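*Asks:* Letter by letter, the chains look like this.
2 protein chains.
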Amino acid sequence: MPPPNPAPPLVGTLPLGAPLPGENLQRWLHRALRQAMLDGRLPGDSLLPGSRTLALQHGLARGTVQAAYDQLLSEGYLVARRGSGTRVSQTLPDRALQVGSTRRRATPPRADVQTVAPPSPAGPWIRRLDHLEPAFPLRPAAYTLQPFQPHRCDVDAFPMDVWRKLHIRHLRDSRRHALWDSDPAGLPALREAIAAHLAIARGVVVAPEQVVVIGSVQQALDLCLRLLVAPGEAVWMEDPGYPGARQVMLAAGARVVDVPVDSQGLRVADGVRAAPSARLAYVTPSRHAPLGVALSPARRVALLRWAAAHQACIFEDDYDSEYRFVARPIPALKSLPLAEAHVVLAGTFSKLMFPALRVAFVALPPHMVEPFVRGASLTARNANGLSQAVLADFMADGHFDRHVRRMRKLYAGRAQAFEDAAATHWQGLIEVPAAQAGLDVVGRLLTLDETTAVRRLAQAGLMARPLGLYTATHRLADALVMGFGAFDEGRIHAAAKAVAVALRKPG
Amino acid sequence: MPPPNPAPPLVGTLPLGAPLPGENLQRWLHRALRQAMLDGRLPGDSLLPGSRTLALQHGLARGTVQAAYDQLLSEGYLVARRGSGTRVSQTLPDRALQVGSTRRRATPPRADVQTVAPPSPAGPWIRRLDHLEPAFPLRPAAYTLQPFQPHRCDVDAFPMDVWRKLHIRHLRDSRRHALWDSDPAGLPALREAIAAHLAIARGVVVAPEQVVVIGSVQQALDLCLRLLVAPGEAVWMEDPGYPGARQVMLAAGARVVDVPVDSQGLRVADGVRAAPSARLAYVTPSRHAPLGVALSPARRVALLRWAAAHQACIFEDDYDSEYRFVARPIPALKSLPLAEAHVVLAGTFSKLMFPALRVAFVALPPHMVEPFVRGASLTARNANGLSQAVLADFMADGHFDRHVRRMRKLYAGRAQAFEDAAATHWQGLIEVPAAQAGLDVVGRLLTLDETTAVRRLAQAGLMARPLGLYTATHRLADALVMGFGAFDEGRIHAAAKAVAVALRKPG
Chain X
-4 MPPPNPAPPL VGTLPLGAPL PGENLQRWLH RALRQAMLDG RLPGDSLLPG
46 SRTLALQHGL ARGTVQAAYD QLLSEGYLVA RRGSGTRVSQ TLPDRALQVG
96 STRRRATPPR ADVQTVAPPS PAGPWIRRLD HLEPAFPLRP AAYTLQPFQP
146 HRCDVDAFPM DVWRKLHIRH LRDSRRHALW DSDPAGLPAL REAIAAHLAI
196 ARGVVVAPEQ VVVIGSVQQA LDLCLRLLVA PGEAVWMEDP GYPGARQVML
246 AAGARVVDVP VDSQGLRVAD GVRAAPSARL AYVTPSRHAP LGVALSPARR
296 VALLRWAAAH QACIFEDDYD SEYRFVARPI PALKSLPLAE AHVVLAGTFS
346 KLMFPALRVA FVALPPHMVE PFVRGASLTA RNANGLSQAV LADFMADGHF
396 DRHVRRMRKL YAGRAQAFED AAATHWQGLI EVPAAQAGLD VVGRLLTLDE
446 TTAVRRLAQA GLMARPLGLY TATHRLADAL VMGFGAFDEG RIHAAAKAVA
496 VALRKPG
Chain B
-4 MPPPNPAPPL VGTLPLGAPL PGENLQRWLH RALRQAMLDG RLPGDSLLPG
46 SRTLALQHGL ARGTVQAAYD QLLSEGYLVA RRGSGTRVSQ TLPDRALQVG
96 STRRRATPPR ADVQTVAPPS PAGPWIRRLD HLEPAFPLRP AAYTLQPFQP
146 HRCDVDAFPM DVWRKLHIRH LRDSRRHALW DSDPAGLPAL REAIAAHLAI
196 ARGVVVAPEQ VVVIGSVQQA LDLCLRLLVA PGEAVWMEDP GYPGARQVML
246 AAGARVVDVP VDSQGLRVAD GVRAAPSARL AYVTPSRHAP LGVALSPARR
296 VALLRWAAAH QACIFEDDYD SEYRFVARPI PALKSLPLAE AHVVLAGTFS
346 KLMFPALRVA FVALPPHMVE PFVRGASLTA RNANGLSQAV LADFMADGHF
396 DRHVRRMRKL YAGRAQAFED AAATHWQGLI EVPAAQAGLD VVGRLLTLDE
446 TTAVRRLAQA GLMARPLGLY TATHRLADAL VMGFGAFDEG RIHAAAKAVA
496 VALRKPG
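In order, the protein sequence lines correspond to chains X and B.
Using my numbering, you'd call the opening residue of the first sequence number -4 and step up by one each time.
Using my numbering, you'd call the opening residue of the second sequence number -4 and step up by one each time.
Take these hints with a grain of salt, some might be off.
Any copy, or any two copies together, can satisfy a pair, since identical chains are not distinguished.
Said to hold, decoys possible - 20 Å max Cα-Cα, derived EDC-like pairs, lysine to aspartate or glutamate:
(1) K500 with D265
(2) K492 with E365
(3) K404 with E18
(4) K160 with D396
(5) K404 with D151
(6) K160 with D125
(7) K404 with D149
(8) K404 with D415
(9) K500 with D444
(10) K404 with D65
(11) K160 with E414
(12) K500 with D396
(13) K404 with D265
In case anyone wonders, no lab produced these hints; they're calculated from the structure.
Because the structure is a prediction, the values reported are computed rather than measured.
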């Protein structure tokens, strides 16, 4: 509490200034005395008044003064000797530190005690990424999306009222036990709900014990790399493919083998030729990111047979497979025989619900569960408990299925609108395949290179990502990755027209 | 929706079974046909009825049948040739996979195509931990704590009603933008609130831009190791010290140098002698974990001078420094000059509020902010958005300070009760220092070795951790780490008596 009278009190004749707003008397006294010592107003070896004297002088409780003195003693600002009272230390902790400090030198030699060179974040982990554009923006994304920003879902259709009610249900005294750490592998109710969902929606039969809740698919991939791949060992990456996956592989020190993708998905035979003994293969079999193709049945078989023959792990990123508009979602690779021991299926609720949720999961081969949970505990601890409890109810009460069904219909309408708009406005300019799934498509540029196209779109307040960002080998035709999921049909038509104007304008 | 009449429908004369509860007709038809093919009831090359015929036979919509057929086609179960109708595939995807599967061999050779050996989580990361007890339990902790389980806070005193109201405030349509990804470095309002808190409570002046929100202190340490330390490079670890820190260092491949701790904290000179060019030092300067001592002013100076001279990073784990009962909390090491470029301060709300929250933070040297955010994005993405928004309000509205003050008083009372109970019941048995801070103390065993003591306590439904778990060098006296924070004063007295009975019983 601030004192009733804020006039500057004194130590002897020393002005100490007033307490700051919200600062209590003990903290104020500590700060004021320390400052006076640093300023030289209380020089080294000065004798301080006894705590009783100072308290009386300033109308403070003696305990307040004693506590401030104790604090300064424990920090080394004061020294107390039996019979000689409390004195200012001859060498203040701050002074001792400043002696060696000469900040003027620009590039101090490493072993020079006189310098203050900051420790450099230059471990091999970060150096491997130095030359690459970060896979995720380091600054916050704007809420107002520009069409046709890809990889974005629509958060306006999320049932906020249901979400609020479920939170209220859990934020009660009777649920106080949920404030404790939950199971390090995830809340049991949520693991069960996810296992049930996987069985019905993805054709994957796993025990709830094989499901582990984590924060993101990135985290799952990072952990699998750490568990399975030693630095220098090979991993297969889809080419083109998701930059976040490729960068976390590079950071882990893996030898990234870029395996081409064609209309049937990953060219497994090319991977086997290039790196038969790779430890892990990253694939998006249900809907390739970003090309949108599905991994063909023959390639699925070939991939699983390779993994079985070489004790390799297949990391199946099942990021938005629920959103298939023409038939039901293609069953996960994880649903096939042989997959049990070899496929890690990773999925996220960030795309299906909303990004800020940050709850994802893996369905693991049984023998990987314990190492994975141990790794997750050691490097992250567990996911937020309340979100897990609320999400478990959201699934168990049927809200999740309803939401996904509603969104599938919504996105299907937008995919159709996008196809129609492209047919109307982009003839001879961009060739767009029918979007049968997901939230985005890759449109091939017929007249412009992708750098020029992206620049012109940006000038018009529009957005697309060049396909080149998804490959490290640059073997691909010029194309744009464009999203339709986050924009309503009116906006899609208007923006498609604006895209045509922007791309057709002379040079 | 299940059909009104669940009698088994037929394909020709083939019984297909009934839909499962919650299974729609398309999914049922897909599943039933696939099963019939796998069972051999629909052999390879069988001609299927046209979709119109099958629909009429079973009273289904034609679109339903067509969708199920499309799905089976895309999965490779059916083949369609122009003019020859739709037939069952000669090689079902599942069959092709099962050919190579012979699960009988126990230890299959690696390159044998005939085997299904699972990929082994045997990367160097996990192998380095093989011989160690996991630092964090792999199974969920029980809600009912046994006295005197250490390192536990009290969740019963948390203001659940306030927490609920703040959630309701944010779960509104007008806050829908919060469903998007927040800033990858953390919600700006929360970073500001943490910076303000650090200035007042910890004496640390940092810009909000230097504060990064993450999930846990473990995660912060793991990232700093990855950013700063190459495999084989040395890091200093407190001995005894926090096992979670030591294990994440080992996992990262660092050479862990165990530096002794005495009554003044880390023996910095020993560290300098053993590994002067270590890249990072892990310390708990405000209250050593688990011994409870504070790092002395002289050692603080020595530590910072060493770091400055060797471009090393000091990782300051400030895990429960708010809870000091006799004077105000000791300012953080990070508050001293020289610390700006060399000290990473990490703190968590899990101890100050409740464990399931899983929100923590770091205050970083300016040059480390961008690499750290990049690393966090790549390996975890960002923290849960709603928890960040609610916590920011909890801090800005003054609830956090009130809660910490209330808990400090509560824990101080329990510390006193524990001291009193020990004096009453444990004379000649356990020597317990006065607990001036934190949630636990280390009691020295005067008659028993710690393994025997822990076993006898467990038999009586009591709990303590042997001090030996906190060291890898085993140079320490037999002692128990015991927590008082989560138990009320009545329970402390009763349990202290029970401890004495358990430890005094004949061997």
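*Asks:* Please go over all the hints and tell whether each is borne out by the structure.
*Replies:* A quick look at each hint next to the structure:
1. K500 with D265: neither (41 Å within a copy, 71 Å between copies)
2. K492 with E365: neither (54 Å within a copy, 38 Å between copies)
3. K404 with E18: Answer is between: at 18 Å across copies they meet the 20 Å cutoff, but 57 Å inside does not.
4. K160 with D396: For K160 and D396, the Cα distance is within 20 Å only inside one copy (17 Å; across copies 28 Å).
5. K404 with D151: This pair counts as within: shortest intra-copy Cα distance 15 Å, inter-copy 45 Å.
6. K160 with D125: neither (45 Å within a copy, 44 Å between copies)
7. K404 with D149: within (12 Å within a copy, 47 Å between copies)
8. K404 with D415: within (17 Å within a copy, 67 Å between copies)
9. K500 with D444: Within one copy, since 14 Å is at most 20 Å while 84 Å is not.
10. K404 with D65: between (68 Å within a copy, 19 Å between copies)
11. K160 with E414: Close neither inside one copy (38 Å) nor across copies (45 Å); limit 20 Å.
12. K500 with D396: neither (45 Å within a copy, 59 Å between copies)
13. K404 with D265: neither (37 Å within a copy, 67 Å between copies)
Hint check: violations occur at hints 1, 2, 6, 11, 12, 13; the rest are consistent with the structure.
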